[in-house]
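Chains A and B, in that order, give the protein sequences. Quick note: the first sequence uses my numbering, first residue 1, plus one each step. Quick note: the second sequence uses my numbering, first residue 1001, plus one each step.
A few of these clues could be false.
One side only, chain A facing chain B, incomplete, derived with CB under 10 Å [unchecked claim]:
| id | residue |
| --- | --- |
| 1 | D173 |
| 2 | R181 |
| 3 | L182 |
| 4 | M183 |
| 5 | G184 |
| 6 | A185 |
| 7 | S188 |
| 8 | E189 |
| 9 | V194 |
| 10 | G198 |
| 11 | R201 |
| 12 | L263 |
| 13 | L264 |
| 14 | E268 |
| 15 | A269 |
Just so you know, these hints were derived from the structure itself, not from any lab. Built from N, CA and C at the ideal position, the CB exists for glycine as well.
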Amino acid sequence: MANTTAVVKPGRTIRLDDGLSPLARWVTSGVGLTLTRLAILVCVLGAWELASGRLLSKYWLSSPSAIGRTLWRWAEDGSLWSHLGATLSEMTIGYVLGCLAGIGVGLLLGFMPNLYRVVIPFFGGLYCLPKVALAPLFVIFLGIDLGSKVALVGITVFFLILYSTLDGINDIDRDLIQSLRLMGATKSEISRKVLIPGCLRWVFTGMRIAVRYAFTAAILGEVIASNRGIGYLIEANAGQFDSTGVFAGVLVLVFCSLTLSELLTRWEASRGGSAGGFGPGS
Amino acid sequence: MLDIRAGIMRADMQKEDALKIRLEGVSKTFRSRGREVNALGNVDIEIKQSEFVSLVGPSGCGKSTVLNLVAGLLAPSTGTVYYDGEEVQGLNGRVGYMTQKDTLLPWRTAEDNVALPLELHCRGVSRAERNERVADIINLVGLRGFEKHYPAELSGGMRKRLGLARTLIYEPETLLMDEPFGALDAQLKLLMHDQLQTLTQQRKMTVVFVTHDLAEAVALSDRVLVFSARPGRIRAMREVPISRPRDVFTVRFTEAFSRLNEELWNELKDEVVKGTDV
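Make a model of the complete structure from these sequences and hints.
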């Protein structure tokens, strides 16, 4: 019992796979890992395919081959691309508008503390509101086309960016501003040289988080009311009790979010520790 | 009544043409969480043009408060602060203030931080001149080779020197310094003393220097003010009987230096003991 207490030398990395057999090590790293994952996927899909129509009802759970055929059909007749394009453009336009408005209003409130004090409860109230609740309103105002989805994405992103901008400004050391004032800096110089660069890091963090929210908001908007987009595709197929179509739509979403996540992760990695931070120290 | 007095005083000072800073019956009380802290008792201080004055005293005796009052960051509770014969109201843009805490911008490199005061519209320095002056001053504070480093990558002592460079580069007519060399090792401190003396003498700057280090105060100053424990009052004031510029490396071995140092230490000692009791 005594030797269960491991003495870890400083600087030594503790590896969780210490003491694994060679087979286990192969399965959990490198090429072996990829093959293992593929094998799991093939097994699950194979079991699903075999069970479908025998153990499981084709009506409720469809089958991988049927889903594949549906996807292929959509890709061939071009509907997949037009729906995907619709979703991505709603998301992109809403995201860009939301970011611009969020940064703009955030800086404005940051520069005008008195205005901030007056209006911040209103923003706070709206921020807490689940934005989906506004979706029906946007449909009434803007119809079931692009506009209502852009609005939903936009408002979701707006609040995220607004609050990260405000957090960024609040995080700035007041002494920095005071020291610049003593040097004779004007208000606009203080904005340009302290407030804006000081909150940039927070704004970037907010923008990164907001991408995922924008995607969710676009899909939600489409599921609620629309005539195009991946969310619409899922909703329309569900309306016809076509489980194959629903699964196919979900699969497209899985691919989209995986790609999006991967892109974001790469982007973050390429920015490294130094870009957003100030040298390796932070 | 007050206006008339100020007017007469201004006239007086123009006659003398020497007083840069004048604190008259100044006290400062801070209120925090319902408790009143009397940081600065009733003090009168006069500082002449181009004079180097050090303020020493136990922690919390209001030395830094004096600097904040002169910079216009704080308003006195009673009394009046005059700068060039005019009452200080709001920020006093004619002083360069090196605070205890460094206020370097973390997202700017060392050289960009130092260049900051020259970038401001009110100075209107051309890019070429700016680069030249930045290189000069970085060299002066011994930070050559660290121009591209961010403050987070520099040691505490290096950041202090960078802050000093940023304050000196725009050559303010008056320097307020709050323990600027506290974090430096002894040798580096002496080098910085030498450079500070050269610069302030060359440019005839008025300096108000706050420090814990009595020897530093005596070595650098024309005059040393010893503050009492809180509420801070002036307990002793001595002229340093050694002409400036001095050799900062050897001045501390002179007879005059050690005599004054000992004399001031006797004044300071009791206050430090009182200060730690509180």
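Hints and how they fare:
1. D173: D173 (chain A) check passes; min Cβ-Cβ to chain B is 7 Å, inside 10 Å.
2. R181: holds (6 Å)
3. L182: Holds - the Cβ of L182 (chain A) comes within 10 Å of chain B, reaching about 5 Å at its closest.
4. M183: holds (5 Å)
5. G184: Interface hint status for G184 (chain A): holds (4 Å vs cutoff 10 Å).
6. A185: It holds, given that the least Cβ distance between A185 (chain A) and chain B is near 5 Å, below 10 Å.
7. S188: holds (9 Å)
8. E189: Interface hint status for E189 (chain A): holds (6 Å vs cutoff 10 Å).
9. V194: holds (7 Å)
10. G198: Holds, because the Cβ-Cβ distance from G198 (chain A) to chain B comes to roughly 7 Å (cut-off 10 Å).
11. R201: holds (8 Å)
12. L263: violated (26 Å)
13. L264: Result: violated, 23 Å to nearest chain B Cβ.
14. E268: violated (19 Å)
15. A269: Violated. Min distance 21 Å.
Checked against the numbered hints above, the structure breaks hints 12, 13, 14 and 15 and satisfies the rest.
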